[in-house]
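Student: In case you want the letters, here they are:
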Amino acid sequence: MSTVVDRLVVRLEGIVGRDHVVTHPHALRTFESDGLLHHARVPAVAVLPGSGAEVHAVVQTCVAAGVPWVARGAGTGLSGGALPIEEGVLVVTSRLRRILDVDLDDARVIVEPAVTNAAVSSAVGPSHFYPPDPSSQIVCSVGGNVAENSGGAHCFKYGFTAHYVTGLEVVLGDGSVTWLGGRHADELGPDLVGAFVGSEGTLGIYTQIVLRVVPAPEEVRTFVAFFASTADAGNAVSEIVSAGVVPGAIEMMDRLAIEAAEEATGAGYDRTAGAALVVEIDGPRAECEATLTAVADRCRESGATDVRIAADEAERALIWRARKAAFAAMGRISPAYYVQDGVIPRTRLAEVLARIDELAAEFGLRVANVFHAGDGNLHPLICYDGARPGEAERAEQLAGHILRACIDAGGSITGEHGVGVDKRDAMPWMFDDADLAAFGRLRRAFDPLGLANPDKVLPTPRLCGEVPGPYRAHPLEAQGVIERW
Amino acid sequence: MTAAADLMPADAGAVAKAVAGAARDRTSLHIRGGATKVGWGAPVAADVTLSTAALTGVVAYRPGDFVVTVRAGTRLADLATALAAEDQMLALDPPDPDGCATIGGVLATADSGPLRHRYGGPRDLLLGVRAVLGDGAVVRSGSAVIKNVAGYDLGRLMSGAFGTLGVIVEATLRVHPLPARRITVHGATDSAARLAAAIGRLRRLPLEAEALDVRWDGDGGALLVRCAGAAPEERTTAVEAALGAEGLAVELLAGDADAAAWAHQRSLQRGADGCVVRIAAPPGAARRVLELASAPPGRRVAGRAEVGTWWLTLPSDDEEAQLSAIAAVRAALPEASCMVTDGPADVRAVAASPLASAAVAALVRRLREQFDPAGILNPGILQAGDG
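Protein chains in written order, with the working numbering: chain A, 218 to 702; chain B, 24 to 410.
Treat the hints as calculated values from the structure; they're not laboratory data.
Do not take every clue at face value.
[Stated by the list, open to error] SDA-like cross-link-like pairs, simulated, lysine to any residue; straight-line CA separation at most 25 Å:
id, chain 1, residue 1, chain 2, residue 2
1, A, LYS541, A, ARG228
2, B, LYS40, A, GLY657
3, A, LYS541, A, SER446
4, B, LYS40, A, ASP650
5, B, LYS40, B, PRO357
6, B, LYS40, A, LEU653
7, A, LYS541, A, VAL222
8, A, LYS541, A, VAL556
9, A, LYS541, A, ALA651
10, A, LYS541, A, ILE526
11, B, LYS40, A, ALA651
12, A, LYS541, A, ASN452
Take these sequences, add in the hints, and give me the full structure.
Tutor: Given below as structure tokens:
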């Protein structure tokens, strides 16, 4: 180990104690990847601070040594945003898991960054809940959600993490500490909190996060409708939302995804259907009932072959089980898969799905589609067999072409997984040089030394030792604890 | 109304050229849209005014995607007309009595109205932005889809920056369906304590109200709750019961009466001759805000009880008295974010800055150095000496 690192380790041990500094290469391998497993790097040292003050001191130590650092929460991110830097420090927030305050008069919860997403709703339920619900919510950390501006199935109605963070105590890239925003919403002046949310750990690190929570809906009703084709299902979604209805969730699955989900769950989905639409309506009781009837009717008018409205909580859970199992279930119909995250204007759905079919045929691979239909966030799952030479590489190429198709349709390269290292090089597909330069300016204002997660988000030449490759299952995913969408 | 602007470029390219030229010559610019909020923040000492009012028109509107892209000088009122033809709306309803407020001006000042309660403020509805930075660079962030996390959110950063980080030339916004029906429950009382208690009762109800506003004006106050959708009656009944239980005099308003009540409520966000303190406070501070508004006499307040956004009007008075009143308001709400919108220039020069701390001011200064290195865009409007 170099003397620079040796000296750094001594200083870090002085801050957090020897037990919370990891230097053994085998132990460090625990942190080599986040949820995007085909990127892996071992950091020089990992440090696990136990308080906000320790985080502050750790960052100041990195600044004094001129060493880059990367923040890591639960490590469930899907774009390599928490990929370590080999010559740098990995700041692991996992010991910062206190809920500091719950105040239902203010409708606010203050948490440390490693508190899990699901723990926030648990802390305020059953009267209130925290709406952003990424599928990994039982393990993913709020700090990571803030870094990625996480969404989830319910964000068409409820919005994203950015709509729920009102204040952040941050340590900026230069080692200074400040509060941005607070318990109040709509901080006056430039929206500095808003700039921080979704910045993927490149502007600094949070030590306290103030979240807004909302009253739980009085009623939740769920149904699944089956259609002959994704085009028909897409038309139904258009009919629903153009009628002014904003469902809590509208999720679509195509035939291949239905098949996989049925293999895994036997939830009773119609395997002969070309598409399934899972719709959830929530809100005040009378509003909910009136809307449910109207929406179910729209589905039938749009050619639904069957509409099954859940009569009770058990039936509702069954509908969601199939939907939520769709990703994990792909393993039953394919040895491996590559998941993409792209966004399109919802009205161009039919055309983009047709393009994906065309591309899949061209590459000789199967693609299953599962997506948040309300907001046009696609998650195509590209099936491949890693044992067949070249197939993994073809899958990755196909994923890139699908992203291009999203951009061509006027969409985005990522709706919720983030850019990280994974899509850095796709940023110029969406933004020109002046735009990227402006992003660089913003970053320099917060992190003038360029030490906070320096090689993420903005395109840079590929680093040595970085080997892109096909998807591997995250251990938590293999255990069925989390999902990948 | 203020004098015509010196520069009124007709497109983004012309804005870029004008700004680049000004940066070269170190000519400071006072940026404006419809000039309806030029008295907000600290007075700007600029050489030249640059108006975005000629940058008008809808660039793209896809009703089925709930997304519209407009040039920054487009008037809010004109956009509302275009959207209403598709039974949609931009859920931004700041007071706009003359219909001159522009999209760019509303975004830059982060102005909002009662619909803020349900739909969020300008920064929440802004999906993408195109802006001219202080060196003339034309940049874009965000996208034209509802969900996007690629790149930093320059739109949010510029929302509330009062033009100091760039001149907004185009915005892509999320729009919403116009609700099928709207009914407002109006509850009046002469007791500020009852008003605060009624807010507390409503807080726990799962109403999904479209707007929930409060005011105190002179001797009395009111709570306005608008329920919208296919079946609002069930909720208005619950609200009536909650307000009645606190002794408020309740009436139901629909149609023109609903519109008139909300127009009046919005008008209270402006102070014709007083001094207005815009406050962003935690929702639980509603009681303290109402206390500040009910004494001494001559004050009034209007705002969103559950968001915590308030406009407190102090009576026209001598400037010393106004300054000490502003200081007292800040002291009574130490956790709130405050700025002065409307009011005598001398008062605004001293008390207008919304920046919460020295650390935030330093960060904003660094952002200014990056986005406006010559310091020519609205210098001094957010903090003294940043030009």
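Student: Let me make sure I understand: some of the numbered hints might not hold for this structure. Which ones are they, in numerical order?
Tutor: Hint check: 1, 5, 7 and 9 fail, others pass.
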